[in-house]
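Heads up: the protein sequence lines correspond to chains A and B, in order.
Residue numbers for the first sequence follow this note's numbering, beginning at 1 and rising by one.
Residue numbers for the second sequence follow this note's numbering, beginning at 1001 and rising by one.
Calculated from the structure, these hints are not laboratory results.
Among the hints, erroneous ones may be present.
[As the list claims (entries may be wrong)] Taking CB as the label site, the calculated pair distances span:
1) A:Val69 / B:Asn1295: 43 to 53 angstroms
2) A:Val306 / B:Lys1299: 28 to 38 angstroms
3) A:Trp159 / B:Gly1266: 55 to 65 angstroms
4) B:Lys1394 / A:Trp92: 25 to 35 angstroms
5) B:Glu1289 / A:Ala31: 54 to 64 angstroms
6) A:Leu192 / B:Lys1299: 56 to 66 angstroms
7) A:Phe311 / B:Lys1267: 48 to 58 angstroms
Bear in mind the structure is a predicted one, so any value in this text is a computation, not a measurement.
Every residue, glycine too, gets a C-beta built ideally from N, C-alpha and C.
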Amino acid sequence: MAAPPETNIRPQQFLAAQVRWHPLEIVFWVATLAPFYFFPSYLSLASQIAIAALFALSLDLILGYAGIVSLGHAAFFGMGAYTAGLISKFGWGEPLTGLIIAAFAAGLVGYATSFIIAKFRHLTLIMLTLGIGLLLYEAANSASWLTGGADGLQGIDIWPIFNTFDYDLWGYTAYTYSLVVLFLVFVATRRLIHSPFGLSLRGIRENAVRMPAIGAPSESHIRTVYTISAVMAGLAGALIAQTTSTVSLEALSFERSADVLVMVVLGGAGRLYGGIIGSIIFLVARDQFSGINPQYWLFWIGLLLVMVVMFLPNGILGGLARLKWLQRGKP
Amino acid sequence: MRKALTGFASLAAAALVAASSAHAQGTVKIGVILPLSGQFADTGIQMRTGIQSYMKQYGDTVAGKKIELIIKDVGGINPPLAKRLSQELVVRDKVDILAGYVLTPNALAAGDVSKEANKFMVVMNAATSIITEKSDKMIRTSMTLPQSGDTFGTWAATKGGIKTCYTMVSDYGPGHDVEQSFIKAFAAAGGKITGSVRYPVANPDFAAFVQRAKDLNPECIFVFVPGGTQPAAIAKAFAERGIDPTKTKILGTGELTGEQSLQGMGKTALGILTAWHYDYKQDTKENKEFVRIHNELSKRNPDLFSLGGYDGMHAIYEALKKTNGNTDGTALVNAAKGLKWNSPRGPMSIDPETRDVVQTIYIRKVEMRDGEPTNVIFDKVENVKDPVKEEMKKK
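The shape of chain A in the complex, shown without the other chains (with noise of 0.2 angstroms):
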């Protein structure tokens, strides 16, 4: 969470203080297990929301720390999983290699295409984003003998996990999977947002041109964030490949880009709980009102959408930090 800065402390104490784990964080990594006893048949949904959070954590990292923001996220988000589903289909199942090596393939995508996008920045990088997810859109459309094209990857075999634990029809094992990639990429992420390496990413948000001056390379550091992000997407892929054996263009699509920039900007941007928010707020309203009229749904997500972005421009989490904040200044 960010905090105002605060007089006279080390850098060391600082970062310090940002590493220590707030007891609402624990609250709510604890909840997460809620749905196992208390909502045994909504667990395929939260184990898309789970994967949908570790996607969001990846574009906030770039948009909310680095200030990249990006249109085509999809790109890494598909190429995870088309690497996922296709080692499957050729004979090697086994999801915890399958979802490493996915990561591994979405990276050398995101390594590739950031010494394009570290040269630019603001209207030119989100067309550049959007471009770059449009032509691995088009590339994986036209190769329809490996990818099947528009109906999608077929063949997919993905065994259980450690030889045990099958996918089944609750959603228990693929609930468990998600739940415990995402804890794991969250610890990490935490540790690298509140690491030197993480707040030379915010001086970069802040001003790209100015922080070389200070001895912060900002070119470089956004290549090494940018890298990391798509793996977190390739992640974010390979586990919705894994966890529904699907794999199809939509993986890939301008929509799923939409989607999660709109879960990241929902819950709000630059907060570590951000993504994870918005996509909970998101996929459960989706939920909840296609359920009650499947027809004009869309219409309410937007206008909560608007309503956020209106009153609570930092987003969900914003509006509650703000919130705590003027409770405090009052005497």
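The hints should help you fit chain B onto chain A, whose structure is shown.
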């Protein structure tokens, strides 16, 4: 962790038992997954009206049980969501039957659920051949694209007397399927393909492609475009480049000359030949009734999506009658195998071996009738099975 997981598993088992005992006796729940928002919304809305038309005509009680629909929006091509919604329909809403599925990737993803949960599943549109192989509890009441492409290929080279043909299709899955099946059947029956071209799915400029076809001067041009605004655009390109459908034959599938397409094309549509299973002007007793009820419900004429929904409901009703209301997946699919009936499209049946639709493919020509361009049937091929699965059987 391991212990915790075992705990969850036993909890799951307990919940499953609770679920089955809590099952209401007097109703049959049908979970329907349709795209009701986004760019495919219109297809889903038409299918829903088709389903409702059947229930209006034959009532909502069958074999002493009340039929209850639970409709979910999948919002477009989204297999992970389609799978999750199907799972939730089974575990949360406790549906007995899964139905709907306009889009192929969604139907394929849901096939896994039908198989795992042993639920009878009725695909009411998605037209790629392989779908029904995904679960042995699945039937289809719409069509398969090769049924039209393959039949037309053979017909053109034999009865149609056409020797050379050029093909133009949209560059995506369904386009490839139709193209391949047409070319294969046409060549097998002695025809010669002089060239093939694929244009992008979204907003193509047809002029250059049509010109290329014209330069080769084939006897016929086989066209596939998705519905919507594209049929009118391609017909306009043909007219502008001076291709006259009465001289160079233009062949296509039903999308090319659907109700809305014909309105957009106007006179440029005259002379186009299509092979398809249904048109809302089909002259059968069943169809007149269907069109009337469909119009009562939505003030619109039915299309192939409505028809798939309507016939899908028929298959469900008839299967339930046969099993006396037993909703077990195996019992229902066995009851549905071999069903034969007179659909608004004409006679159709469910193949007992492949569980896929068997129907008549009509060869039609666009002519002026009562002042508007109309698909006029002038030939037909009866009892057409899905050619892809027929081929697979031979191997």
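Consistency of the hints with the structure:
no., hint, in the structure
1, A:Val69 / B:Asn1295: 43 to 53 angstroms, "holds (49 angstroms)"
2, A:Val306 / B:Lys1299: 28 to 38 angstroms, "holds (32 angstroms)"
3, A:Trp159 / B:Gly1266: 55 to 65 angstroms, "holds (57 angstroms)"
4, B:Lys1394 / A:Trp92: 25 to 35 angstroms, "holds (33 angstroms)"
5, B:Glu1289 / A:Ala31: 54 to 64 angstroms, "holds (55 angstroms)"
6, A:Leu192 / B:Lys1299: 56 to 66 angstroms, "holds (58 angstroms)"
7, A:Phe311 / B:Lys1267: 48 to 58 angstroms, "holds (56 angstroms)"
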